[in-house]
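Make one complex out of these two single chains by using the hints.
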Amino acid sequence: MASGATIRGSLRTRLMLLLIGSSAILAIILFVLVRSFAVQIAQQSQDRILLASATSILEAATVRNGEVEIDIPYSAFAMLNTKNDDRVFYKIEQDGVFLSGYEGLISSSGETDSPMFKMEEFNGNVVRVVSESRRLSDDQTTQTLVASVAQTRDSLADTLQDISRTAGILGFGFFVLATALSLWSAAYAIRPLNRMANTVARRGPQDLRAVTQSVPKEMGPLVGALNRLMGRLGASLTQSEDFIAEAAHRVRTPLATVRSHAEATLQRVNKEENRSALRAMIRAIDESSRAAGQLLDHAMVTFRADQIATENVDLGDLCGEIVDRLRPLADMKDIEIALDVRGPAKINGDPILLQNAVRNLIDNALKYSPAESEITLALWTDDKVRLEVRDQGPGFPKDQIEQLPHRFTRGSNAKGTIGSGLGLTIAQDVVTAHKGEMVISNAAEGGGACVNFSFALQ
Amino acid sequence: MRQLFFCIAVIFCSCARAQEFEEQRSFGEPDGSLVLRVISSTDTALFEPIIMGFLADNPAVGIEYFVTGSADLNQAIMQPDTNYDIAISSAMDLQTKLVNDGYALEIDNIDIPDWAHWRHSVFGFTKEPATILLSKSAFAGLQMPSTRQDLISVLRSNPERFRGKIGTYDIRASGLGYLFATQDARTSETYWRLMEVMGNLDAKLYCCSGQMIDDLASGRLSVAYNVIGSYARARSDLDRIIEIVEPADFTTVMMRTALVTARSVKKESAINFLKYLISARWNDADFSETSLPSLAGQPGEQGLPKGVISLGPGLLTYLDSLKRQKFTSEWNDALVQK
Ligand SMILES: Nc1ncnc2c1ncn2[C@@H]1O[C@H](COP(=O)(O)OP(=O)(O)OP(=O)(O)O)[C@@H](O)[C@H]1O
Ligand SMILES: [Mg+2]
Chain G
0 MASGATIRGS
10 LRTRLMLLLI
20 GSSAILAIIL
30 FVLVRSFAVQ
40 IAQQSQDRIL
50 LASATSILEA
60 ATVRNGEVEI
70 DIPYSAFAML
80 NTKNDDRVFY
90 KIEQDGVFLS
100 GYEGLISSSG
110 ETDSPMFKME
120 EFNGNVVRVV
130 SESRRLSDDQ
140 TTQTLVASVA
150 QTRDSLADTL
160 QDISRTAGIL
170 GFGFFVLATA
180 LSLWSAAYAI
190 RPLNRMANTV
200 ARRGPQDLRA
210 VTQSVPKEMG
220 PLVGALNRLM
230 GRLGASLTQS
240 EDFIAEAAHR
250 VRTPLATVRS
260 HAEATLQRVN
270 KEENRSALRA
280 MIRAIDESSR
290 AAGQLLDHAM
300 VTFRADQIAT
310 ENVDLGDLCG
320 EIVDRLRPLA
330 DMKDIEIALD
340 VRGPAKINGD
350 PILLQNAVRN
360 LIDNALKYSP
370 AESEITLALW
380 TDDKVRLEVR
390 DQGPGFPKDQ
400 IEQLPHRFTR
410 GSNAKGTIGS
420 GLGLTIAQDV
430 VTAHKGEMVI
440 SNAAEGGGAC
450 VNFSFALQ
Chain S
0 MRQLFFCIAV
10 IFCSCARAQE
20 FEEQRSFGEP
30 DGSLVLRVIS
40 STDTALFEPI
50 IMGFLADNPA
60 VGIEYFVTGS
70 ADLNQAIMQP
80 DTNYDIAISS
90 AMDLQTKLVN
100 DGYALEIDNI
110 DIPDWAHWRH
120 SVFGFTKEPA
130 TILLSKSAFA
140 GLQMPSTRQD
150 LISVLRSNPE
160 RFRGKIGTYD
170 IRASGLGYLF
180 ATQDARTSET
190 YWRLMEVMGN
200 LDAKLYCCSG
210 QMIDDLASGR
220 LSVAYNVIGS
230 YARARSDLDR
240 IIEIVEPADF
250 TTVMMRTALV
260 TARSVKKESA
270 INFLKYLISA
280 RWNDADFSET
290 SLPSLAGQPG
300 EQGLPKGVIS
310 LGPGLLTYLD
320 SLKRQKFTSE
330 WNDALVQK
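Sequence order for the protein chains is G and S. All residue numbers in the first sequence are consecutive under numbering that gives the first Met the number 0, ending with 457. All residue numbers in the second sequence are consecutive under numbering that gives the first Met the number 0, ending with 337.
The following block holds chain S by itself, in its conformation from the complex (with noise of 0.2 Å):
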């Protein structure tokens, strides 16, 4: 309840425009005036390293890192006055808009693949599949499930042992959800069914996969859809009692991606940034303990990778206010059942 309770206020915040963040914190000695200001959806934890790893290479700059929501972040930079310098995002449709629309800087010679960035504008860097997180003592006897099919029999099948158990995003809250949504429901009719079953069983709706991998933990769910992979895999101390499942019928995959606004007044040390990070996450192997998963993909792997959810013009489909409104009242329909 108290999670309900934080997720209804962070809407409420976001609705009021008043700039909170979740987190913010300052890196480096800003002795000058270069400090970027970082606006990411992403946990400072799991960003540090890479930050630090920058400001080894470039004493010179202070990096100010805030954390929002994907939405809040798209609200942010679409300020006339906004004043950050590069925004990272899990939305992958969000940062697209914000592309097409203008708001991004395009920057030439960075070394990547073609299906990895949009406009030389928008840059992937992490490779994040959704998934599914089971708890192991509430399977206890039961088969795992291993698609999404074997997920709805497994609840249909136990309604009392999973009633209240089950945890997804509240797509109307979260960006990252609404994405997933959205292309889960591209891909497949399983997922509209999936989301009856979930909502016959009173599914509880979350603002983001911390929490929601938090009450997994405490045993509140049984079944959290939809969550980022790596974040569950970054807390070791979950292992025994966490399954993370990759779908086997189709499994989305997200690209996290980091652009350099148009406004941005340290376009340079910017650029730098947008660089490092790319650089780091394509070649580095140095970050393997960091929990970002890296971008690289398998040797002799070309084009796309499988079930990565490609960048582009398409994105734009379902953020149009009418397709929008459509698919959140099915999506309600289904899920919410008021």
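Isolated chain G (complex conformation) (with noise of 0.2 Å):
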């Protein structure tokens, strides 16, 4: 799918990134936001029952006779009884003076009239101490009476680990729920783009339509972008199609009609050194004119391997129609080709690439193999689906033999044959376009070439 696409980082993964980030931060700040809130509650629920001990402690005081009698009801330290038995300590002074409870609680004693809370370390233990304070006054003397409660809060721990965990659960849970929705967002956004992909994938190599499907906004300049560019695409294809089959028009047409001309004045001449001159140069207008045809296929062979279309082609019939066509070419050199069917042979592939490969090795064996023998061309399926072809002749010469299908390379054995080195090229370029296999070999007994092709089944 990547294919030749340098890749870095992944739109999805980003914005999953991005996503799973932005909830994970919220998610703390939620875990923050309800823990310190449950801590402002527990805090404040705690004080209120401290002062409302305090209170209850000071409203149970009287004066009399400049004496003061604390009567302190049972509820004012019972209310105090917490799940977890938090210790309480407590403090009565009067004017400063220490009346009962525990000397050692340092109170806030109050110039102000409202309460006052503080943490404080008593007795070895971090108590929150709540400091009330009262006028009290008979018919001589006025009185401040200050009360302080304090409790342990080892509960209020207790509360606050319980909200925490439930917090920590509660983000937790949000950050898991989040991380599936960003998943599936994150999929979900890119599903355009991959449907866009996907259907582009799918076209065949010739097809350089414009995309027409719709497709969400922020991806409207990238189809424009691509539309545009396949648009320019086919035109330059159309062109370089246009040129190549123009170029070989041009270069075939003059030589053809140059060789008439030598043909026509070599009828005319006696004279033998004019008549070798002349001939040397039909040699040399057959050279180029095959030289040039060669050229072209193999042009047209790299531009099509380039973007095979493929269709389903029986070789069988493909090779009957080259040996049908070549035929009266073999029967000039009194040879005969016989084609050797031995079951159905049939590939996905370019109909016009194979049969250029075919004549090629045909065109070969034709080329160099003696008069009056017999070129086999075999076809048959077992692993793979296999064409051969075989000649009488005195075969590739063996030290060259790798580097034969390699361009403009010519065997020892083909001075005085007009050839321009490209046809056992165009040939394993057609086969390797099909993710076939091409062997040359000789027979074992008296020479003969053997060319094999060998394709995966279809």
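Bear in mind the hints are in silico, worked out from the structure with no lab data behind them. Glycine included, each C-beta is placed from N, C-alpha and C at the ideal position. Treat each hint with caution, since some may be false.
Pairs of lysine to aspartate or glutamate residues, derived as DMTMM-like cross-links and limited to a Cα-Cα distance of at most 25 Å, are as follows [claimed, not checked]:
| # | chain 1 | residue 1 | chain 2 | residue 2 |
| --- | --- | --- | --- | --- |
| 1 | S | Lys-164 | G | Asp-138 |
| 2 | G | Lys-82 | S | Asp-201 |
| 3 | S | Lys-96 | G | Asp-46 |
| 4 | S | Lys-96 | G | Glu-120 |
| 5 | G | Lys-82 | S | Asp-107 |
| 6 | G | Lys-82 | S | Glu-28 |
| 7 | S | Lys-96 | G | Asp-137 |
| 8 | S | Lys-325 | G | Asp-138 |
| 9 | S | Lys-325 | G | Glu-66 |
| 10 | G | Lys-82 | S | Asp-100 |
| 11 | S | Lys-96 | G | Asp-138 |
| 12 | G | Lys-82 | S | Asp-113 |
| 13 | S | Lys-266 | G | Glu-119 |
| 14 | G | Lys-117 | S | Asp-100 |
| 15 | S | Lys-164 | S | Asp-110 |
| 16 | S | Lys-325 | G | Asp-137 |
| 17 | S | Lys-325 | G | Glu-68 |
| 18 | S | Lys-325 | G | Asp-157 |
| 19 | S | Lys-325 | G | Glu-58 |
| 20 | S | Lys-96 | G | Glu-119 |
| 21 | S | Lys-96 | G | Asp-70 |
| 22 | S | Lys-325 | G | Glu-102 |
Partial pick of chain G residues on the chain S-facing surface, computed with a CB cut under 10 Å [to be verified]:
| # | residue |
| --- | --- |
| 23 | Tyr-73 |
| 24 | Met-78 |
| 25 | Asn-83 |
| 26 | Phe-88 |
| 27 | Asp-153 |
| 28 | Ala-156 |
| 29 | Thr-158 |
| 30 | Gln-160 |
| 31 | Ser-163 |
| 32 | Arg-164 |
Written as structure tokens, this is what we have:
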């Protein structure tokens, strides 16, 4: 899918990470907020109870003859009962003088009328202390009573731990949910992109039509650019196809004219040295014409192989056609071409390319094997689809067999024959474009060249 | 009169802070250093079966058992150089204050309902109602009272029969007496009327349940108010002489509690002892012959059983010096009337 593209990062991953990251941050904020809110509430409720206790102590105070009496109600301390059995300390002062309770407790005695709350370390415990004051007077005197009530924070800590756990679970649940949603949203957001990539990838190689399916706004520029690019590509492809045909025509036509002139001249010239000069000329023209033809074929093969158009090709029919077309040429040399179709041989491929390859093989066999011999074109299917061309000639020069399919490479046996050294190259390119394999070898007994194509079963 | 003298002696001793005990006994053969020092307000005889049971399971441990009043016990634990490992007391309020002030060790993993412990430090192991003991002979021909109100009417209508023959705790001398008195007063005003009636009839004051029972047995007393029922029941010889009444209007029930001191240097053994004590009193039927009643309630009973004083910060209220002063003076006005 991504063939040829330089991949760096992923939109989907990036989108997902962003979403997950932000939900993680939100989850943490949620946790912190819930927790700090809970801390506040829990502290407030402890403060309220402590204050109620201090107030009920002060309410129970009376002054008689300048002497303070406090009948602490049972509920003053009983109301401080907690789940975790928190400790309770208290202190009652009259005008800064200790009356009863725990003397070591530091009360923030009231210059103000409103109650004072604070944390304190007492008796090895951290306690919350509330100090409340009340003015009392009888006929002669006025005194200020301060009641401080303190309580440890075990139960509070427990509650906070519970709340923290709940808040943690809440935050985590939120995060998990958000992550799942992020995965889904990322996939959903990226879906039009995938859909377009799929439709474009499914197209045949010649299909360079503009993409017309509707896409989200953000993809508009990309699709527009793609459409324009494909338009240009289509135009330039048509151009170069035309160019190749045109070029072949342009080169071959004048060569043919020159050749017919030279041949006509040859009829009229008697002087041996002029005749041989003309023959050399005709040969050179043949070489040029052949070279031009092969070059154009090669160019065509290269071009088509780049974006191979596949259709179901019956190699038997294809070879039959070629053999029929070449038979007159073979007859001239008294060579028999036998088509040996041993079974169905079908592949997915480009018939024009395959034709070109097979024609070049038969062409070689005709060129390099002696008259009155036989060429066999065999077709069969075993684990692969196979096509083999054998002749009864001298075979490939043994020491060059490796290099022969290279461009413009001709064998030592090719002196005197017209050729450009591109035939096997074309065959090799075609086979490679079909993901097949070409093996060239010599039959063991009495030489005989043998070229074998093998293609994967369709 | 001798009893009164004895009570005064006890008060005097506690004031002088001489560490003298009502009883002191060693159990087991302390061949090593592992001797647990248990200070208790419970008579040795009542506690002995439990100690013996524990020693049978832990032969390497010895126990020294000191008996003293609950107020003295409280003072002893608060001493900076205290060397007791375990404190067992019937004064729930004093025990609670010891825990609140950090003198007790927190012990986890003790299987006990929430209402029977406070801060995992003080653990209840008996349930003992405060009862009214009546001499059957003194009430001959009279309706046996079953509530405080009944008692008040009987006393009022027969002042001469009961004058000088009524006993109750001296709340100034007895921690338990103070606890019972304050809880009664908290529950009902009837308490004060009863105290006034008893005061008018020259009530005698005692430091301990044991002596009230003795005087009842010998006929010196006809009525004893707020005596621990279990002590009376333990004296099977008194079955025919004494009637034990759990007042029907309301019964105050005390839990005997135990704690391991924070300063104990034999914490592990002390904790073992405590666990043994609790499991014995909670589950074990083997101890039915001991006179300490078990805590295990009726099956299906949940939460704090009826009448039981609940452990918690509320108990600190009457220990406040101002509150105590006020309560004691009211009590004095009602009962002593001097
Ligand atoms: N059937 C054959 N028998 C013997 N030698 C062969 C045979 N086919 C090819 N060769 C050798 O392989 C060489 C390369 O063949 P190739 O078809 O590529 O070039 P060519 O035939 O020389 O030129 P052209 O491009 O015109 O076909 C030939 O020059 C020849 O030496
Ligand atoms: Mg060739």
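Now for the hints, and whether the structure bears them out:
| no. | hint | result |
| --- | --- | --- |
| 1 | Lys-164(S) to Asp-138(G) | violated, 46 Å |
| 2 | Lys-82(G) to Asp-201(S) | violated, 46 Å |
| 3 | Lys-96(S) to Asp-46(G) | holds, 23 Å |
| 4 | Lys-96(S) to Glu-120(G) | holds, 19 Å |
| 5 | Lys-82(G) to Asp-107(S) | holds, 15 Å |
| 6 | Lys-82(G) to Glu-28(S) | violated, 43 Å |
| 7 | Lys-96(S) to Asp-137(G) | violated, 34 Å |
| 8 | Lys-325(S) to Asp-138(G) | holds, 22 Å |
| 9 | Lys-325(S) to Glu-66(G) | holds, 12 Å |
| 10 | Lys-82(G) to Asp-100(S) | holds, 18 Å |
| 11 | Lys-96(S) to Asp-138(G) | violated, 38 Å |
| 12 | Lys-82(G) to Asp-113(S) | holds, 9 Å |
| 13 | Lys-266(S) to Glu-119(G) | violated, 30 Å |
| 14 | Lys-117(G) to Asp-100(S) | holds, 20 Å |
| 15 | Lys-164(S) to Asp-110(S) | violated, 45 Å |
| 16 | Lys-325(S) to Asp-137(G) | holds, 19 Å |
| 17 | Lys-325(S) to Glu-68(G) | holds, 8 Å |
| 18 | Lys-325(S) to Asp-157(G) | violated, 38 Å |
| 19 | Lys-325(S) to Glu-58(G) | holds, 16 Å |
| 20 | Lys-96(S) to Glu-119(G) | holds, 20 Å |
| 21 | Lys-96(S) to Asp-70(G) | holds, 19 Å |
| 22 | Lys-325(S) to Glu-102(G) | holds, 20 Å |
| 23 | Tyr-73 | holds, 5 Å |
| 24 | Met-78 | holds, 8 Å |
| 25 | Asn-83 | holds, 8 Å |
| 26 | Phe-88 | holds, 8 Å |
| 27 | Asp-153 | holds, 9 Å |
| 28 | Ala-156 | violated, 14 Å |
| 29 | Thr-158 | violated, 17 Å |
| 30 | Gln-160 | violated, 17 Å |
| 31 | Ser-163 | violated, 22 Å |
| 32 | Arg-164 | violated, 21 Å |
Of the numbered hints given earlier, the model fails hints 1, 2, 6, 7, 11, 13, 15, 18, 28, 29, 30, 31 and 32; all others are met.
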